[in-house]
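**Q** Knowing the structure of chain A, use the given hints to seat chain B on it.
There are 2 protein chains.
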Amino acid sequence: MGQLTGGDPSLLRRINSAVVLHALRATDAATLTEITRVTGLSRPTVEGVVEGLIEAGLVVEKAADDSVARRQGRPARRFRFRAEAGHLLGLDIGAHRVAALLADLDGRVMGATTKDVDEAAGADERLDKVRTAVVELLRRAGVARGSLRAVGVATPGIVEADGTVRLGAALPGWTGLRLGERLSRSFKCPVLVENDANAAAVAEHWKGSATESDDVVFVLAGLSPGAGSLIGGKLHRGFGGAAGEIGALHMLGREATPETLLSTTDEPLRPLDERAVAAVFAQAREGDERALEAVERFIQRLVHDVAALVLALDPELVVVGGWAAGLDGVLEPLRRELSRYCLRPPNVALSLLGEAAVATGALRLALDHVEEQLFAVEGTVTGRR
Amino acid sequence: MGQLTGGDPSLLRRINSAVVLHALRATDAATLTEITRVTGLSRPTVEGVVEGLIEAGLVVEKAADDSVARRQGRPARRFRFRAEAGHLLGLDIGAHRVAALLADLDGRVMGATTKDVDEAAGADERLDKVRTAVVELLRRAGVARGSLRAVGVATPGIVEADGTVRLGAALPGWTGLRLGERLSRSFKCPVLVENDANAAAVAEHWKGSATESDDVVFVLAGLSPGAGSLIGGKLHRGFGGAAGEIGALHMLGREATPETLLSTTDEPLRPLDERAVAAVFAQAREGDERALEAVERFIQRLVHDVAALVLALDPELVVVGGWAAGLDGVLEPLRRELSRYCLRPPNVALSLLGEAAVATGALRLALDHVEEQLFAVEGTVTGRR
Chain A
1 MGQLTGGDPS
11 LLRRINSAVV
21 LHALRATDAA
31 TLTEITRVTG
41 LSRPTVEGVV
51 EGLIEAGLVV
61 EKAADDSVAR
71 RQGRPARRFR
81 FRAEAGHLLG
91 LDIGAHRVAA
101 LLADLDGRVM
111 GATTKDVDEA
121 AGADERLDKV
131 RTAVVELLRR
141 AGVARGSLRA
151 VGVATPGIVE
161 ADGTVRLGAA
171 LPGWTGLRLG
181 ERLSRSFKCP
191 VLVENDANAA
201 AVAEHWKGSA
211 TESDDVVFVL
221 AGLSPGAGSL
231 IGGKLHRGFG
241 GAAGEIGALH
251 MLGREATPET
261 LLSTTDEPLR
271 PLDERAVAAV
281 FAQAREGDER
291 ALEAVERFIQ
301 RLVHDVAALV
311 LALDPELVVV
321 GGWAAGLDGV
331 LEPLRRELSR
341 YCLRPPNVAL
351 SLLGEAAVAT
361 GALRLALDHV
371 EEQLFAVEGT
381 VTGRR
Chain B
1 MGQLTGGDPS
11 LLRRINSAVV
21 LHALRATDAA
31 TLTEITRVTG
41 LSRPTVEGVV
51 EGLIEAGLVV
61 EKAADDSVAR
71 RQGRPARRFR
81 FRAEAGHLLG
91 LDIGAHRVAA
101 LLADLDGRVM
111 GATTKDVDEA
121 AGADERLDKV
131 RTAVVELLRR
141 AGVARGSLRA
151 VGVATPGIVE
161 ADGTVRLGAA
171 LPGWTGLRLG
181 ERLSRSFKCP
191 VLVENDANAA
201 AVAEHWKGSA
211 TESDDVVFVL
221 AGLSPGAGSL
231 IGGKLHRGFG
241 GAAGEIGALH
251 MLGREATPET
261 LLSTTDEPLR
271 PLDERAVAAV
281 FAQAREGDER
291 ALEAVERFIQ
301 RLVHDVAALV
311 LALDPELVVV
321 GGWAAGLDGV
331 LEPLRRELSR
341 YCLRPPNVAL
351 SLLGEAAVAT
361 GALRLALDHV
371 EEQLFAVEGT
381 VTGRR
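Those protein sequences? They're chains A and B, same order as listed.
Here the UniProt record's numbering is used: the first residue of the first sequence is 1, the next is one more, and so on.
Here the UniProt record's numbering is used: the first residue of the second sequence is 1, the next is one more, and so on.
Pulled out of the complex, with its shape left as it was, chain A reads as follows (with noise of 0.2 angstroms):
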């Protein structure tokens, strides 16, 4: 990166942070002289820079390693990022659960919490889970609600730009509500609200099963899966932000229901929830017969719905979440009938990070829009969007 001349000298100061920064975030500590050799700047510049970037916080000296001291007498000074100068949250809000993760701005998880919720609560009921766990969780880490950055969000339906569910059947009271702004009020940083299956395949992507490959669908594999996709390293949300609301897949053309599917009487199951299925897939390892037979359409269910994503995006990679990845034998009819029906059958694997994918991609947006406002130099923004 060479030095830039002649232009807005406040834009100038603010690119050679964020290139002073990025070369720090990318090592333990550094000399001036190293730093100077990294970025390509001038040492006056460099000196300056890093001045700046002490009295903000975001840089410290590092205290003299004891030894070294001893043997050259008196060592070139060296300085480090203050991944600890902010922290960011991960929210996962769901069905049964809400989760939270903390980090540091280097995206190092410093805590986490889960707390269950009502299948049936409302809005507020959730809302409040949520508060709480953040507050627990910012507690027992000793960190300040003010060293917040940004907070990512996660959860079922589509969401608009603006934070909004547009619609979000799985919880109630979940529709319309204006999700980033109700969260706003606790936190003085940015809220950013995210698809709960898009947040997961940023996850996998991140730290999971996913880190090789930029051609991804995730599912989140439950009694309603949904399903993130990124083309190109890059999240596809679609047009209007339904992309993977595959929901209603599985009814295209088809009589039987979700019901019907898991009964293992000749009445359909009701009410349908994760209690019932639980039960259903208990009597299967126990032998019933006809759990077994509900078991089996519940899978061949799920596989057709994947086989649906992959004919139509075609992507390097299918990474399997959600409970219902848990199921013995998911995998094999997977690779078995993606082989079947499609004419480039993709690699298959399971969720590395299971329950917590949905937190670390709401996490991992946090520390994509922290980024951006730190790191970010002109042409060479690091970020999702």
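You may find that some hints are simply not true.
Restricting the straight-line Cα-Cα distance to at most 25 angstroms, the calculated cross-link-like pairs of lysine to aspartate or glutamate (DMTMM-like) are [to be verified]:
id, chain 1, residue 1, chain 2, residue 2
1, B, Lys188, B, Asp104
2, A, Lys62, A, Glu47
3, B, Lys234, A, Glu212
4, A, Lys234, B, Glu212
5, A, Lys207, A, Glu47
6, B, Lys234, A, Glu160
7, B, Lys234, A, Glu316
8, A, Lys234, B, Glu160
9, B, Lys234, A, Asp214
10, A, Lys234, B, Glu316
11, A, Lys234, B, Asp214
Pairwise CB distance ranges, derived in the manner of DEER restraints [what the hints assert, rightly or not]:
id, chain 1, residue 1, chain 2, residue 2, range
12, B, Asp162, A, Gly176, 44 to 54 angstroms
13, A, Ser339, B, Ala56, 46 to 56 angstroms
14, B, Gln300, A, Asp214, 55 to 65 angstroms
15, B, Ala282, A, His96, 33 to 43 angstroms
16, A, Arg270, B, Ala282, 19 to 29 angstroms
17, A, Thr175, B, Leu352, 20 to 30 angstroms
18, B, Arg13, A, Asp214, 34 to 44 angstroms
19, B, Glu47, A, Arg43, 38 to 48 angstroms
20, B, Glu51, A, Arg43, 43 to 53 angstroms
Residues from chain A that keep clear of chain B, each with C-beta distances beyond 12 angstroms, as calculated [said to hold, decoys possible]:
id, residue
21, Arg78
22, Arg82
23, Met110
24, Ala121
25, Ala141
26, Arg166
27, Trp206
28, Lys234
29, Ala312
30, Leu327
Honestly, the hints are just simulated from the structure, not real lab data.
All C-beta atoms, glycine included, are put in the ideal place defined by N, C-alpha and C.
**A** Chain B alone, transformed into the frame defined by chain A:
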């Protein structure tokens, strides 16, 4: 666009040429003063560049308008882009038909020809038909083969980047065919090969039903439907070029084959070709009860295929083309079912280009290639990849 100084002088000349060509192509004709103003280049630079472009045959002085000449004495010389300096072909190689379009460097179509091909014809016979069509088309238009700058080819199947058909079940002898290489023997210019539905999507976006939208799914509706998608205005090919190869979509979890679907008896319809299908549709138009049911089943299947694509991709617009688009009553059930199954139903339109869509898309690909060569300025490459 500012004038560039320093660096490789030949690169600089090339960039300045591209800038001037770009400016001239956007207008009928322009004076040196106008070109200077539009491009931001200096007068001597523009003079040098225009001289070079005249020598290269890409620009010509436009004859002065007589009335202007009389009125003003000696008017400023005006120059125009020579769209006739080169030509492009768009080829559609299908199961029953090959079609060819000829255009100038502005993409203006100068001629078209089609030839019927036997569905059972092998690769050699099919390619012979293509060559015959091209010979006729060039002769009729009075264009020399050597004037061709690029040839775009569109065909069913998964097409590799090098022009090999990885998988093409619709045409005998097509799988594994090095189509790009085979056709390259007939031309001295580059030959670009693309999947037919992908090409049609590009065509509808260029000059069809989708000029107003960058997020489009084009469905080539037929016995075995295919689809092409534009995301943000760019073709989405998928990781392995198989995106939208939805031939197997309707088979997911279903017993009914197209042969039983379209049958009006208790026996499957064999052989299942377009002639047999046309007969069923004719019977339906005459009010035959079982034919009407068969057509209804066929349309339902198409509708469900499209719905699956929409759930996966969430486009702004779905364009339906291919022969089945002409069926009475495709659009109405499509809209109804999409609004039933999709959380955010897209707009739906019929193809405007009809049978010409695939060849038109192939032509556009050739034009893209030429534009990349002629008009590419670093960082502002016009084109599709």
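**Q** For every hint, state whether the structure bears it out.
**A** Now for the hints, and whether the structure bears them out:
no.: 1; hint: B:Lys188 to B:Asp104; in the structure: holds (17 angstroms)
no.: 2; hint: A:Lys62 to A:Glu47; in the structure: holds (15 angstroms)
no.: 3; hint: B:Lys234 to A:Glu212; in the structure: holds (24 angstroms)
no.: 4; hint: A:Lys234 to B:Glu212; in the structure: holds (24 angstroms)
no.: 5; hint: A:Lys207 to A:Glu47; in the structure: violated (35 angstroms)
no.: 6; hint: B:Lys234 to A:Glu160; in the structure: holds (23 angstroms)
no.: 7; hint: B:Lys234 to A:Glu316; in the structure: holds (19 angstroms)
no.: 8; hint: A:Lys234 to B:Glu160; in the structure: holds (23 angstroms)
no.: 9; hint: B:Lys234 to A:Asp214; in the structure: holds (17 angstroms)
no.: 10; hint: A:Lys234 to B:Glu316; in the structure: holds (19 angstroms)
no.: 11; hint: A:Lys234 to B:Asp214; in the structure: holds (17 angstroms)
no.: 12; hint: B:Asp162 to A:Gly176: 44 to 54 angstroms; in the structure: holds (51 angstroms)
no.: 13; hint: A:Ser339 to B:Ala56: 46 to 56 angstroms; in the structure: holds (52 angstroms)
no.: 14; hint: B:Gln300 to A:Asp214: 55 to 65 angstroms; in the structure: violated (36 angstroms)
no.: 15; hint: B:Ala282 to A:His96: 33 to 43 angstroms; in the structure: violated (56 angstroms)
no.: 16; hint: A:Arg270 to B:Ala282: 19 to 29 angstroms; in the structure: violated (47 angstroms)
no.: 17; hint: A:Thr175 to B:Leu352: 20 to 30 angstroms; in the structure: violated (36 angstroms)
no.: 18; hint: B:Arg13 to A:Asp214: 34 to 44 angstroms; in the structure: holds (37 angstroms)
no.: 19; hint: B:Glu47 to A:Arg43: 38 to 48 angstroms; in the structure: holds (46 angstroms)
no.: 20; hint: B:Glu51 to A:Arg43: 43 to 53 angstroms; in the structure: holds (49 angstroms)
no.: 21; hint: Arg78; in the structure: holds (38 angstroms)
no.: 22; hint: Arg82; in the structure: holds (36 angstroms)
no.: 23; hint: Met110; in the structure: holds (36 angstroms)
no.: 24; hint: Ala121; in the structure: holds (22 angstroms)
no.: 25; hint: Ala141; in the structure: holds (37 angstroms)
no.: 26; hint: Arg166; in the structure: violated (8 angstroms)
no.: 27; hint: Trp206; in the structure: holds (19 angstroms)
no.: 28; hint: Lys234; in the structure: violated (10 angstroms)
no.: 29; hint: Ala312; in the structure: violated (4 angstroms)
no.: 30; hint: Leu327; in the structure: holds (18 angstroms)
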